[in-house]
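Enquirer: In case you want the letters, here they are:
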Amino acid sequence: MSEVEQRRPLSPHLQVYRPMLTMMMSIMHRITGAALYAGTLLLVYYLVAAANGPASFATASWLFGSIIGQIVLFGFTWALFNHLLGGIRHAIWDTGYAMDHPAREYLVQATAIGGIALAVIVWAFAYMMR
Amino acid sequence: MANDPRSLRTALARIRFLGSAKSGTHHSWHMRVTSVALMPLSILFVWILVSLAGKDYNAVRATFADRFLPATVMILFILTSAYHMRLGMQTIIEDYVHDEPIKTWSIIANLLFSVLVGFAGLFAVLKLSLT
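In order, the protein sequences belong to chains F and H.
For the first sequence, my numbering gives the first residue as 1, with consecutive numbering after it.
For the second sequence, my numbering gives the first residue as 1, with consecutive numbering after it.
Okay, chain F solo, but in the shape it has when bound (with noise of 0.2 Å):
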């Protein structure tokens, strides 16, 4: 009885699938969001440093001004772009549109390169800005 048990087939998991892009995406999504959590604290020490007055501003100016700050903005930039369009690609496929195939690959394709070029673009701008 006890054999029986333990040949019961399981329920296949990650190592189980060959990675695909789709799966890879999904995952990312979750990683970012959960990176995003993280990254509240830049902003949320950002506008108290900023509240708190010029000297604790000062200090987050040049925290961020940094070349390590400005590497983690920059990451945070891309993870917040991943994770927008990422929301947007499952927010269509939760309306069952662009579910088989092709459309499914272009979709997740799209937005993988889209949330690179959207956080290249933005802080492009940025430098060109100030």
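Just so you know, these hints were derived from the structure itself, not from any lab.
It is possible that part of the hints are untrue.
Covered by chain F, per the in silico footprint, the following chain H stretches (three or more residues, Cβ under 8 Å) [stated by the list, open to error]: (1) 79-88; (2) 96-109.
Over 10 Å on every C-beta distance to chain H, these chain F residues come out as not near it, computed from the model [unchecked claim]: (3) LEU14; (4) VAL16; (5) ARG18; (6) THR22; (7) MET23; (8) ALA34; (9) LEU43; (10) VAL72; (11) GLY75; (12) THR77; (13) ALA98; (14) ASP100; (15) TYR106; (16) ILE113; (17) GLY114.
All C-beta atoms in this analysis are idealised placements derived from N, C-alpha and C, irrespective of residue type, glycine included.
Given the structure of chain F, go ahead and fit chain H onto it with the hints provided.
Expert: Same frame as chain F, but now just chain H:
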């Protein structure tokens, strides 16, 4: 069983007290409503931050004090994000944390963190724009 075709219970009676979970599709629905709200809000949020990039203290103060839109968008973005991320992180916790006490405390900590982030951001923007 609820799906028994011979059952005389009406559809309304079945959902009325929402079964043993005591809640229905609110989590899923609120996730989607906040995500729709965050689509325009996050684009405006990025716009505001790009306009603030590299600006000095007085310019940042002026942005929030003199104009209505940046402060309003920032507050709506922060509060909606805080609620959205609380829902999202709760799903992650429920998916991966199986130990019951750790799960319960994680969900409570998640709620407190999200409320803290939301209200700290709200208070900071209000102070920037009103003082």
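Enquirer: Does each hint fit the structure? Answer for all of them.
Expert: Do the hints match the structure? See the list:
1. 79-88: holds (count 4)
2. 96-109: violated (count 0)
3. LEU14: holds, 12 Å
4. VAL16: Nearest chain H Cβ is 17 Å from VAL16 (chain F), so the label holds.
5. ARG18: holds, 22 Å
6. THR22: Consistent with the label, THR22 (chain F) stays out of reach of chain H, its closest Cβ about 19 Å off (over 10 Å).
7. MET23: holds, 15 Å
8. ALA34: Violated, since 6 Å does not exceed 10 Å.
9. LEU43: violated, 7 Å
10. VAL72: Holds: least Cβ distance 14 Å, greater than 10 Å.
11. GLY75: Check passes; 14 Å lies beyond 10 Å.
12. THR77: violated, 7 Å
13. ALA98: holds, 17 Å
14. ASP100: ASP100 (chain F) clear of chain H: closest Cβ-Cβ about 22 Å, beyond 10 Å.
15. TYR106: Its Cβ never comes within 10 Å of chain H, the nearest being 20 Å, so this holds.
16. ILE113: Given that every Cβ of chain H is farther than 10 Å from that of ILE113 (chain F), nearest at about 18 Å, it holds.
17. GLY114: With a cut-off of 10 Å, GLY114 (chain F) remains clear of chain H, as the shortest Cβ separation is near 13 Å.
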